[in-house]
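Residue numbers (the working numbering), protein chains in the order written: chain A, 1 to 358; chain B, 1001 to 1066.
Just so you know, these hints were derived from the structure itself, not from any lab.
Since the model is a prediction, treat every value here as computed from it, not as a measurement.
A couple of the hints might just be wrong.
DSSO-like mimics (lysine-lysine), calculated; alpha carbons at most 30 Å apart, straight line [stated by the list, open to error]: (1) B:K1041 - A:K191; (2) A:K79 - A:K125; (3) A:K10 - B:K1041; (4) A:K97 - A:K111; (5) A:K109 - A:K49; (6) A:K58 - A:K97; (7) A:K191 - A:K252; (8) A:K44 - A:K109; (9) A:K126 - A:K97; (10) B:K1027 - A:K278; (11) A:K111 - A:K158; (12) B:K1027 - A:K191.
Derived DEER-like restraints, expressed as beta-carbon distance ranges [unchecked claim]: (13) B:A1033 - A:P265: 44 to 50 Å; (14) B:A1033 - A:F148: 43 to 49 Å; (15) A:F148 - B:G1018: 38 to 44 Å; (16) A:L144 - B:L1052: 30 to 36 Å; (17) B:V1063 - A:A318: 29 to 35 Å; (18) B:L1066 - A:W268: 26 to 32 Å; (19) A:L211 - B:L1052: 19 to 25 Å; (20) B:G1003 - A:L168: 50 to 56 Å; (21) A:L144 - B:E1037: 41 to 47 Å; (22) A:L15 - B:L1066: 25 to 31 Å; (23) B:G1006 - A:F150: 50 to 56 Å.
Quick partial rundown of chain A residues pointing at chain B, CB under 8 Å, derived from the structure [to be verified]: (24) G274; (25) I284; (26) R285; (27) L333.
We put the beta carbon where it would ideally sit given N, CA and C, even for glycine.
The lines below spell out each chain.
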Amino acid sequence: MNNSTILKSKTFNILLICAFFLTIGAFPAKAFSQDKASGQKEEKFDPGKTTMEHIADKHEWHLFGEVMVPLPIIVYTDKGFELFSSAHLQPQGTVYKGEYYNYMLVNNKLKVADEAGKIDEAANKKVWDFSITQNVAGMWLSGLILIFIFLNVSSAYKKRVGKAPKGLQSFLEPVVLFIRDDVARPNIGLKADRFMPLLLTIFFFILINNLFGMIPFFPGGYNLTGNIAVTLTLAVVIFIVVNINGNKYYWKHIFLPDVPFWILPIMWIVEIIGIFSKPGALMIRLFANMAAGHIVVLSLISLIFIFNSVWISPVSVAFAVFIDIIEVLVVFLQAYVFTMLSSLFIGMAVEEHHHEVI
Amino acid sequence: MAGSYGPIGAGLAAIGAGIGIGQIGGKAVEAIARQPEAISKIQTNMIIAAALVEGVALFAVVVALL
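Modelling step: build the complete structure from the supplied sequences, incorporating the hints.
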């Protein structure tokens, strides 16, 4: 058997995928061990706190291991703008004397403190934090990648009019057609093409950010869709689109449904709660799926540190790899479910009236 | 007993998710056995329904965490 048949065999592919996941699975352990090494006294390992630290937002970007890129801190206080690098605030607890206030990082959140390090609560409210945190920088990165990919593909379509798709086009075309034919058109009907840009943006934005959240080193390492503020924004977008595009029949179904008149007040309460709870469910579903997946993987790795023995690591890493593989399925599924439910809600809003045949 | 009841809530949510998705999976497999040529449609619908049920269970987990 010569070399090329070995490379093409199925076993090799499976082993390659396993090796990839094993490499990924080893990284969180390395990131944790930095925390233990830097403390002078042996503090007891607190898995809850460390896990939450790893999935929360930070003011610097962890590239790999110890290497961190400090990100700028932009603060709008009631006295004016302030801009400085977060390197001044490392390690946590250092007080930095800014132009108007003194700043300190508490639990990776920016707080106003006086020189001795006591937090000044009243001043905190006057200070608005617009910093470029890890999540913001990551979102810009994934946005740039998305723009790059789609500009490439659209220019390729313009150049190769009428010819078969080639390269990146042939990878994206089935996905885009899938969203148009199986998600948008069945749910929205005739006006589907108007909403296709929105649905495609939502699908690929969520997909790329979910995928980057799975990679623990640069260019991944930021957990964007596990941040409830981001999913809240996506849900607000859907809320606005649905309610602005709602036609007469949509509002009629909400305020004057076909029920006996004495049920009407209850129906109003239920329907108005429904207007808010449908995007709310979208938000929580995406956030909880992503955050819970990351928490499970981090907890499995932190088992190694709880047991304080190196022999548990094969078991722990094997579990973590298994959960990681399921997470990839969840990543694609959640992007699809978000898009499908959005198209369903938009479809309900723009639906034309059909007479009820009894 | 002292302490928070969050983990108990999360465990109950897991029971709910298990029962729900188990039912979905069981009925889907029965449907495939009855009509094997519809396997891809049944599979798609099963995955969608499972994602929605899992969403509800995760709402409970999020509330349990807080």
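Item to check | 30 Å Cα cutoff - pair K109 of chain A, K49 of chain A | outcome: holds, 14 Å
Checklist entry - Are K191 of chain A and K252 of chain A close enough, with their CA atoms no more than 30 Å apart? => result holds, 20 Å
Next on the checklist: Taking the Cβ atom of L15 of chain A and the Cβ atom of L1066 of chain B, is their distance within the range 25 to 31 Å?
Outcome noted: Hint violated: Cβ distance 42 Å, outside 25 to 31 Å.
Checklist entry - Using the C-beta atoms of A1033 of chain B and F148 of chain A, is the stated range 43 to 49 Å upheld? => result holds, 47 Å
Checklist entry - If you draw a straight line from the CA of K1027 of chain B to the CA of K278 of chain A, is it 30 Å or shorter? => result holds, 27 Å
Item to check | 29 to 35 Å as the expected CB spacing between A318 of chain A and V1063 of chain B, which holds or is violated | outcome: holds, 31 Å
Checklist entry - How about I284 of chain A: closest beta carbon in chain B under 8 Å, or not? => result holds, 5 Å
Checklist entry - If you draw a straight line from the CA of K111 of chain A to the CA of K158 of chain A, is it 30 Å or shorter? => result violated, 51 Å
Checklist entry - Honestly, do G1003 of chain B and L168 of chain A meet the 50 to 56 Å range at C-beta? => result Taking Cβ atoms as reference, G1003 of chain B and L168 of chain A lie about 53 Å apart, which means the hint holds.
Next on the checklist: Hint validation: L333 of chain A versus chain B, beta carbon distance must be below 8 Å. Holds or violated?
Outcome noted: Holds, because the Cβ-Cβ distance from L333 of chain A to chain B comes to roughly 5 Å (cut-off 8 Å).
Checklist entry - CB of L144 of chain A to CB of L1052 of chain B, is that within 30 to 36 Å? => result holds, 33 Å
Item to check | Assessment of proposed distance window 26 to 32 Å (beta carbons of L1066 of chain B, W268 of chain A) | outcome: holds, 30 Å
Of the hints listed earlier, those the structure fails to meet are numbers 11, 12, 22, 23, 24, in rising order.
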